[in-house]
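**Q** For the record, the sequence lines run as chains D and H. Numbering follows the numbering used here, in which position 433 of the first sequence is assigned residue number 433; successive positions increment by one, without gaps. Just so we're on the same page, the numbering used here is the position in the second sequence counted from 1, plus 516.
Hints listed in this document are in silico derivations from the structure and should not be mistaken for laboratory results. One should not assume that every hint holds.
Chain H stretches covered by chain D per the calculated footprint, using a threshold of three residues with CB under 8 angstroms from any CB of chain D [claimed, not checked]:
#, stretch
1, 728-740
2, 813-825
3, 852-865
Just so you know, these numbers come straight off a predicted model, no measurement behind them. Ideal Cβ positions, reconstructed from N, Cα and C, are used throughout, including at glycine.
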Amino acid sequence: MTAILEMRGITKEFPGVKALSDVNLTVERGEVHAICGENGAGKSTLMKVLSGVYPHGTYEGEIVYEAEPVAFHSINDSERSGIVIIHQELALSPHLSLAENIFLGNERVGRGGLIDWHETNVEAQKLLARVGLGDNPAVKANEVGVGKQQLVEIAKALSKDVKLLILDEPTAALNDDDSAHLLDLIRHLKGQGITSIIISHKLNEIKAIADKVTVIRDGRTIETLDLVHDDVSEDRIIKGMVGRDLESRYPERTPSIGDEVLRIEDWRVHHPTEADRVIIHDANLTVRAGEVVGIAGLMGAGRTELAMSVFGRSYGSRITGRAFIHGKEADLRSVPAAIAAGLAYATEDRKAYGLNLIEDIKRNISAAALRKLVKGGLVDGDEETIVAEGYRKSMRIKTPNVGAVVGKLSGGNQQKVVLSKWLFTDPEVLILDEPTRGIDVGAKYEIYTIINQLVADGKAVVVISSELPELLGICDRIYTLSEGRITGEFPIAEATPEALMQRMTQEKESDHVLAQ
Amino acid sequence: MSSPSDTKRDAAKDLAPSQLRTAGSFLLSRVQQIGIFIALVVIILLFQGLTGGRLLTAGNVANIIVQNSYILILAIGMVMIIIAGHIDLSVGSVAAFVGAATGVMIVQWGWPWWAGILVGILLGAIVGAWQGFWVAVVGIPAFIVTLAGMLIFRGLTQITLGNTQITPFPTEYRQLGGGYLFPQLFPASTSPAEWITVGLGVLTLVLFVSSQLRGRAKRTKLGVEGEPAWWFWTRTGFGILLIVLITYLLGLAEGSRGTPIVLVVLGVLVVAYTVVMTRTRFGRHIYAVGGNRHAADLSGIRSKRIDFMLFVNMGILAALAGIVFAGRLNSAGPGAGNLFELDAIAAAFIGGAAVQGGIGTVIGAITGGLIMGVLNNGMSLMGVSTDYQQFIKGLVLLLAVAFDVYNKRRARSLG
Chain D
1 MTAILEMRGI TKEFPGVKAL SDVNLTVERG EVHAICGENG AGKSTLMKVL
51 SGVYPHGTYE GEIVYEAEPV AFHSINDSER SGIVIIHQEL ALSPHLSLAE
101 NIFLGNERVG RGGLIDWHET NVEAQKLLAR VGLGDNPAVK ANEVGVGKQQ
151 LVEIAKALSK DVKLLILDEP TAALNDDDSA HLLDLIRHLK GQGITSIIIS
201 HKLNEIKAIA DKVTVIRDGR TIETLDLVHD DVSEDRIIKG MVGRDLESRY
251 PERTPSIGDE VLRIEDWRVH HPTEADRVII HDANLTVRAG EVVGIAGLMG
301 AGRTELAMSV FGRSYGSRIT GRAFIHGKEA DLRSVPAAIA AGLAYATEDR
351 KAYGLNLIED IKRNISAAAL RKLVKGGLVD GDEETIVAEG YRKSMRIKTP
401 NVGAVVGKLS GGNQQKVVLS KWLFTDPEVL ILDEPTRGID VGAKYEIYTI
451 INQLVADGKA VVVISSELPE LLGICDRIYT LSEGRITGEF PIAEATPEAL
501 MQRMTQEKES DHVLAQ
Chain H
517 MSSPSDTKRD AAKDLAPSQL RTAGSFLLSR VQQIGIFIAL VVIILLFQGL
567 TGGRLLTAGN VANIIVQNSY ILILAIGMVM IIIAGHIDLS VGSVAAFVGA
617 ATGVMIVQWG WPWWAGILVG ILLGAIVGAW QGFWVAVVGI PAFIVTLAGM
667 LIFRGLTQIT LGNTQITPFP TEYRQLGGGY LFPQLFPAST SPAEWITVGL
717 GVLTLVLFVS SQLRGRAKRT KLGVEGEPAW WFWTRTGFGI LLIVLITYLL
767 GLAEGSRGTP IVLVVLGVLV VAYTVVMTRT RFGRHIYAVG GNRHAADLSG
817 IRSKRIDFML FVNMGILAAL AGIVFAGRLN SAGPGAGNLF ELDAIAAAFI
867 GGAAVQGGIG TVIGAITGGL IMGVLNNGMS LMGVSTDYQQ FIKGLVLLLA
917 VAFDVYNKRR ARSLG
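All chains, full assembly: derive it from the sequences and hints.
**A** Right, dumping it as structure tokens:
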């Protein structure tokens with residue numbers, strides 16, 4: 001076998017962050033090559049370098065494709081060479097037909113520069129057949145399910161004479177049948193000589209389909225394992241993914257844990273628009289005063305969905321289950337009710353869901369509890385300034401005054417504004433969703449210190465995070481979540497990265513095995 | 517930043533230049549807010565010169581106020597809707613409809629004038645609730661709902677009137693549109709001064725200055741004063757000057773007829789709505805919803821309720837504008853209020869409201885409306901034809917928003 005692709009010494013820097021450093025990847029012709037790593041390890045960045053999303057010249061290193069050095073300047077360049085990337089978020093235009101989608105940007109043009117619809121539909125039919133779809137190519141993309149849409153994406157790639165197919169988390173949004181079908185198709189394409197790179201969190205899938213797996217961690221290639229010739233276990237892969245030292249990046253804390261504050265029983269949540277799809281399966285969870293509870297799960301496991309559905313049903317439909325605060329059943333039917341009951345939720349996406357970026361610090365801080373500042377029917381603006389100044393000092397928000405516009409602050413300072421806003425509502429339980437995402441190391445330490453202060457004051461804190469070291473560093477107890485199910489609960493003493501990762505990647509089938 | 521002469525002075529005295537620099541950067545940070553007022557002053561001075569002093573005469577100032585009063589009333593509601601991220605294209609038709617309805621009630625059915633006005637305003641609230649229902653509850657974009665409303669209420673106006681005009685209205689009804697505060701009490705023949713106007717002017721002055729001083733004293737005491745003293749006094753001095761000037765023109769200058777009743781109404785509305793927007797939860801929630809609706813929802817703000825209330829409020833103000841307009845013309849016609857919505861929207865945007873929502877002020881929208889009004893009036897005095905007036909107003913709107921966009925981009929690159 002010869003290599004179809006060699007990426008040598010790839011280094012990619014963003015302002016202040018080294019996303020990839022000296023990454024090497026060799027893919028043999030006709031193999032299925034998996035790339036594994038934690039969220040943020042640099043998998044997607046590597047694929048963007050390969051496909052020309054980050055054009056030649058914005059990274060260091062060399063890409064050799066089909067035995068020749070290449071310099072792609074755009075996706076069009078790489079697609080012309082037969083490299084096609086299929087992203088996690090499907091890119092079909094919902095109101096166009098399957099045929100139109102397949103030939104989008106690559107239209108079959110006849111004489112006179114007009115689109116030849118006959119050829120378009122006939123060719124589309126053939127391509128759909130190659131991916132095992134018998135659908136009418138005139139059907140609109142939004143009329144077929146997610147699984148079929150993924151296959152249409154592959155048909156679209158085939159229309160471009162793909163030689164190297166890159167699939168980014170192809171089964172993340174698919175159910176089991178669709179996933180199995182997709183994996184079959186990748187095997188089938190392999191038989192036709194098409195090489196695939198597949199990025200996936202699902203280790204059992206990787207085991208089932210891949211010939212080799214390359215593990216990336218912190219922007220570096222750790223190892224490439226041969227799954228065909230060597231006996232590689234899932235644990236072996238996990239070790240590569242998480243095997244980093246836990247440095248003292250976390251402030252010390254002596255836990256002083258009190259009574260139960262929040263309890264969720266049999267919490268079941270359906271998808272907001274596809275009401276038949278269960279997103280959270282009968283979750284049970286408790287949080288006690290003075291305790292930091294972590295929720296570990298891979299992307300798409302339902303972490304944010306669980307948190308938001310609890311926080312005033314701000315996500316999902318047909319929510320069932322019971323919630324108790326201090327042992328009494330709580331009314332969490334709306335966000336105002338949840339806030340009144342003592343919940344606070346700091347979103348994972350500060351800019352889109354957490355802050356009014358065009359407004360100043362003090363008005364963002366007061367937004368969720370403005371009623372506390374009302375005297376005689378009017379908001380006391382001076383009191384508001386005093387309150388905000390207090391948080392600016394205690395949280396160390398680095399800005400001269402609280403009249404500064406929030407959109408101009410750094411990520412760490414913005415996060416402190418979000419935390420201040422929720423503290424001003426005087427909550428019992430704070431749910432912090434990815435509290436340190438996009439924040440530099442120094443500010444992360446400050447956020448951890450704030451969390452420690454909160455639990456020292458008797459609050460209960462739930463932290464959702466993609467970074468296992470962070471959870472292991474700050475939590476007293478960790479739940480693992482996989483595909484909408486709580487698959488494990490670990491006191492911190494029993495939590496190891498390997499054990500957590502095993503439960504985080506646990507699939508429904510193995511769930512049954514465990515139950516038996 | 518610092519020129520050689522600055523550096524020299526730096527060596528001599530450390531404080532002065534740095535203070536100057538802070539003053540400069542402070543002013544720069546306020547450009548967006550004060551730019552619009554400067555623009556109004558420049559335009560007034562420009563036309564005062566071009567018309568040979570005919571702009572700022574007693575009669576003409578009263579004219580500008582009365583002629584633009586209904587647009588200014590609409591602009592107050594409009595800027596609130598725009599801040600929340602919506603738009604209302606129906607206000608002209610709603611104003612016409614309410615004007616027509618009051619005409620039917622008062623002139624044709626012989627109801628007392630006050631009952632007609634009250635029911636008219638109630639009608640405006642119902643119209644607003646109708647549109648608020650479609651926007652907030654059903655979730656149809658306000659652009660579509662109010663575009664439909666524009667047609668629906670124009671149609672209802674014509675149905676109500678049966679394609680005729682209703683005229684004349686009783687004198688009391690007409691006072692709101694064209695009346696003055698009791699000039700008969702102190703007729704010009706017996707007194708050189710219009711004492712009611714002067715009294716109102718002095719009262720306004722006292723209230724204004726004392727509220728400014730009290731606010732500053734309280735902020736200083738609490739240690740939260742962020743405004744430099746020189747700026748406070750410039751701002752306050754400018755306000756005093758404005759009140760004195762208007763009082764003089766309306767009450768003391770030659771040919772003065774006193775205070776238009778609608779000016780008092782406008783003054784009360786501006787103060788009340790400024791308080792609503794800056795100091796009530798409702799107002800502050802409007803800004804929060806317009807700035808980031810998702811974040812507002814997740815902060816426990818009921819954004820749909822805010823949307824609904826805003827349209828009810830707009831309906832009430834549109835009704836008031838319709839009544840003022842019908843009173844001024846002394847008739848309710850099928851074409852009344854045509855294109856009012858565009859003037860009101862233009863006023864809000866010239867006054868600094870952001871197209872994306874979240875930004876805008878009542879006083880800005882009023883200033884924007886006055887800029888348009890002074891432009892209209894000044895050009896009419898100069899004998900510029902209406903074709904050119906349209907053309908120039910269009911350019912002003914475009915340039916004002918371009919200035920705003922430029923400012924924001926500059927602010928972003930600074931930050």
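**Q** For every hint, state whether the structure bears it out.
**A** Against the structure, the hints come out as follows:
1. Counting residues of the stretch 728-740 of chain H whose C-beta sits closer than 8 angstroms to any C-beta of chain D gives 4, which meets the bar of three, so the coverage hint holds.
2. Counting residues of the stretch 813-825 of chain H whose C-beta lies closer than 8 angstroms to any C-beta of chain D gives 6; at least three are required, and the coverage claim holds.
3. Coverage of a stretch by a chain is defined here by at least three residues with a beta carbon nearer than 8 angstroms to that chain's beta carbons; for the stretch 852-865 of chain H and chain D the count is 0, and the condition is violated.
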